[in-house]
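Protein chains: 2
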Amino acid sequence: MSETSPANPVLVEVVRGTLVESRHAGAIAVADAHGRLVLALGEVERPVFPRSAVKALQAMPLIESGAADAFGLGDDELAVACASHSGDGVHVEAVRGLLAKAGLDESYLACGVHWPVSDKATRELIKARRRPQAVHNNCSGKHAGMLAAAVHLGLDPRGYERPDHPLQVMIAGIISETCGVRLDRAGMGIDGCSLPTWSLPLSALARGFARLGTGEDLAPARAAAAKRLIQACFAAPVLVAGEGRFDTMAMRALAPDLFVKGGAEGVHCAALPGLGLGIALKIDDGAKRGTERALAEVLAALLPKARSALADQLDGEILNWRGISVGRVMAGDGLRGALDAFAAAPRRQAERRMR
Amino acid sequence: MSETSPANPVLVEVVRGTLVESRHAGAIAVADAHGRLVLALGEVERPVFPRSAVKALQAMPLIESGAADAFGLGDDELAVACASHSGDGVHVEAVRGLLAKAGLDESYLACGVHWPVSDKATRELIKARRRPQAVHNNCSGKHAGMLAAAVHLGLDPRGYERPDHPLQVMIAGIISETCGVRLDRAGMGIDGCSLPTWSLPLSALARGFARLGTGEDLAPARAAAAKRLIQACFAAPVLVAGEGRFDTMAMRALAPDLFVKGGAEGVHCAALPGLGLGIALKIDDGAKRGTERALAEVLAALLPKARSALADQLDGEILNWRGISVGRVMAGDGLRGALDAFAAAPRRQAERRMR
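Chains as they are written, first to last, in our numbering: chain A, 903 to 1257; chain B, 903 to 1257.
Each hint should be verified, as a subset may be incorrect.
To be verified - Derived DSS-like pairs (lysine-lysine); straight-line CA-CA distance at most 30 angstroms:
hint, chain 1, residue 1, chain 2, residue 2
1, A, Lys1190, A, Lys1207
2, B, Lys1129, B, Lys1190
3, B, Lys1207, B, Lys1129
4, A, Lys1029, B, Lys1022
5, A, Lys1207, A, Lys1129
6, A, Lys1022, B, Lys1029
7, B, Lys1022, A, Lys1022
8, B, Lys1029, B, Lys1190
9, A, Lys1190, B, Lys1190
10, B, Lys1190, B, Lys1207
11, A, Lys1129, A, Lys1003
12, B, Lys1029, A, Lys1029
13, A, Lys1190, A, Lys1022
14, A, Lys1022, A, Lys1003
15, B, Lys1022, A, Lys1190
16, A, Lys1022, B, Lys1190
17, A, Lys1190, A, Lys1129
18, B, Lys1022, B, Lys1003
19, A, Lys1029, A, Lys1190
Read the hints as simulated data drawn from the structure, not as lab findings.
When you get a sec, could you build the whole thing from the sequences and use the hints?
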């Protein structure tokens, strides 16, 4: 490739003994709904694939089309439509329920098959001498939601995953409008679950999440749809990821102050409705270890309750196979310095908003 | 931490569609037994933890003490003492055999417990409603080898894993002498399996592997021990890692021209006896994806047969859950340029050696 290397700072360091053993560089954007960047660390204008971080945007047609009302979908079904789920029983049930209400079955899912993210679910399948199915794919809820929207809109449910299917064209429009950025077909990739993933800058993703969380600068119907999806995720955070996972734990502890969704390859986005802010970050190397650690730091700097809610992530202790403490995952100096400098500003802004 | 960020080049790029989605920076040293660097890409003098990459050095006392002869150890047992094994039946058997010959049992293993690296072995345990044991730990062969050496040397086998145990002091001396570098206690960390891991620069590791592969600049007894361990790994490459894994596949195809051993957090070392060279590389973020791709490129530049033997690694195609090609793991421009420039030189050197 002819691209130059990104000049991103080290956000997270992995320390063993007294030595930095590994490091994760990346970029972070924090923006308001008008696109004003309150934090820009690293190359925030460089396009990234948001992957699963924008599942709530991809689920918008399910609400906006009227499908959710027509099919009588509940919080669990809406939350799993926004999910990268663990494939546990609760997720599989919600996906099957969503499909059934739309008059479809699992054979329509185009997401492909992988073993459940959840070790527990994987072990249960193995003990039962069963193989995973498409419904266990972490994206099956998103696909089920798209299928329900397609059916309700009178579109052919077969081929719903293709970039030129009217549903995907509609979703591209929603992402473009919400994030305030033109999407370029040349910057489209195909995701692990076979859906299109549209590259866009972290700055635009952060703005989109600020809008998603506040409804500001969105048409009323879209603002209402965003609110309904986020409320569903707040009501059923375990459906959005799974037990023991970052997004579930963070929203359990911090909703309604935080909506958060991770994607593959080190992308993570969040909306902080009370502060009117959105966050988007990408770790260059794609490691979840770096992504979640960096996001926990940003959240702790912005939300006073996050420091205790995310205490384990912020502690970062590394235990070896005998439970001996051998190291620590830590914020890099560049990240910590940037956060110390800007933490006070958004709180002042929020205080102004509340007056 | 007060360390500055490393200025390492991007060695490997992960491309989706037309965009570089993720990237792995790192450093590579290729040296001869006298420490002459024929390639130095990135910060090769920065200390790294070699982790499991130096298991052959950690197994030296097993040969040098006479334990291997006294206990009548075969190739499988010596290879598994140098291994990060998959925990399949063949590995567990070899480790148990090694321990039994030394008059010990699994209760002496201080490596801790994890599920087997091998999915197949994990599934077999689950189906049998069993939990993994210390013998399944990928390091159990190394620990068994250390225990056998300790017993033969008349040392207390309990506590063999501690940095001050005479066996670990002996091993630190072997690493120091072989790599030609002074080890600093302040630069010691504790590994995942509870053994000490001593930090040293990639340049020294590369020199150490050149010596390991050729015996040059080593005392005769050490050169003979190195040869015996490497020959055992060549005779039983599946014992060193496992089916489908890089080190096993590479040595199956390329021995006796290549001895290769990976470690955690993106370290990988290799010896190329025919060329008189050693290789040591470290990916900054610790990702195996970057490590194995970068090493495959270096090997392909140095060993003509490696290009076909490692064709899959060098192709790097990324398939999604439905088997659709969505991207590629590729050498970065910096790595490719550096390799193109230097590939001819070592071959010329080798031709001189053979005259």
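Going through the hints against the structure:
The straight-line distance between the Cα atoms of lysine 1190/A and lysine 1207/A is roughly 23 angstroms, inside the 30 angstroms bound, and the hint therefore holds. Distance check on the hinted pair: lysine 1129/B and lysine 1190/B sit about 27 angstroms apart at the alpha-carbon level, within 30 angstroms; holds. A threshold of 30 angstroms between alpha carbons decides the hint, and for lysine 1207/B with lysine 1129/B the separation of about 22 angstroms falls inside it, so the pair holds. Pair hint lysine 1029/A plus lysine 1022/B holds up; C-alpha atoms about 13 angstroms apart against a cutoff of 30 angstroms.
The hinted pair formed by lysine 1207/A and lysine 1129/A meets the criterion: a straight-line CA distance of about 22 angstroms does not exceed 30 angstroms. Restraint check for lysine 1022/A and lysine 1029/B: the C-alpha separation of about 13 angstroms stays at or below 30 angstroms, so the hint holds. Distance hint between lysine 1022/B and lysine 1022/A is fulfilled; the C-alpha atoms sit about 17 angstroms from each other, no more than 30 angstroms. Distance restraint check for lysine 1029/B and lysine 1190/B: the Cα-Cα separation of roughly 29 angstroms lies within the 30 angstroms cut-off, and the hinted pair is therefore satisfied.
Restraint check for lysine 1190/A and lysine 1190/B: satisfied, since their Cα atoms lie roughly 14 angstroms apart, inside the 30 angstroms limit. Restraint check for lysine 1190/B and lysine 1207/B: the C-alpha separation of about 23 angstroms stays at or below 30 angstroms, so the hint holds. Using a Cα cut-off of 30 angstroms, the hinted pair lysine 1129/A and lysine 1003/A holds, with the two alpha carbons roughly 22 angstroms apart. Annotation: proposed proximity of lysine 1029/B to lysine 1029/A holds, straight-line Cα distance about 5 angstroms (limit 30 angstroms).
The straight-line distance between the Cα atoms of lysine 1190/A and lysine 1022/A is roughly 20 angstroms, inside the 30 angstroms bound, and the hint therefore holds. Between lysine 1022/A and lysine 1003/A the alpha-carbon distance is near 28 angstroms, which keeps this suggested pair within the 30 angstroms criterion. Using a Cα cut-off of 30 angstroms, the hinted pair lysine 1022/B and lysine 1190/A holds, with the two alpha carbons roughly 25 angstroms apart. Distance restraint check for lysine 1022/A and lysine 1190/B: the Cα-Cα separation of roughly 25 angstroms lies within the 30 angstroms cut-off, and the hinted pair is therefore satisfied.
Of the pairs offered as hints, the one joining lysine 1190/A and lysine 1129/A holds, with about 27 angstroms between alpha carbons and a cut-off of 30 angstroms not exceeded. Proximity of lysine 1022/B to lysine 1003/B is assessed by CA-CA distance (about 28 angstroms); at most 30 angstroms being required, the pair is judged to hold. Between lysine 1029/A and lysine 1190/A the alpha-carbon distance is near 29 angstroms, which keeps this suggested pair within the 30 angstroms criterion.
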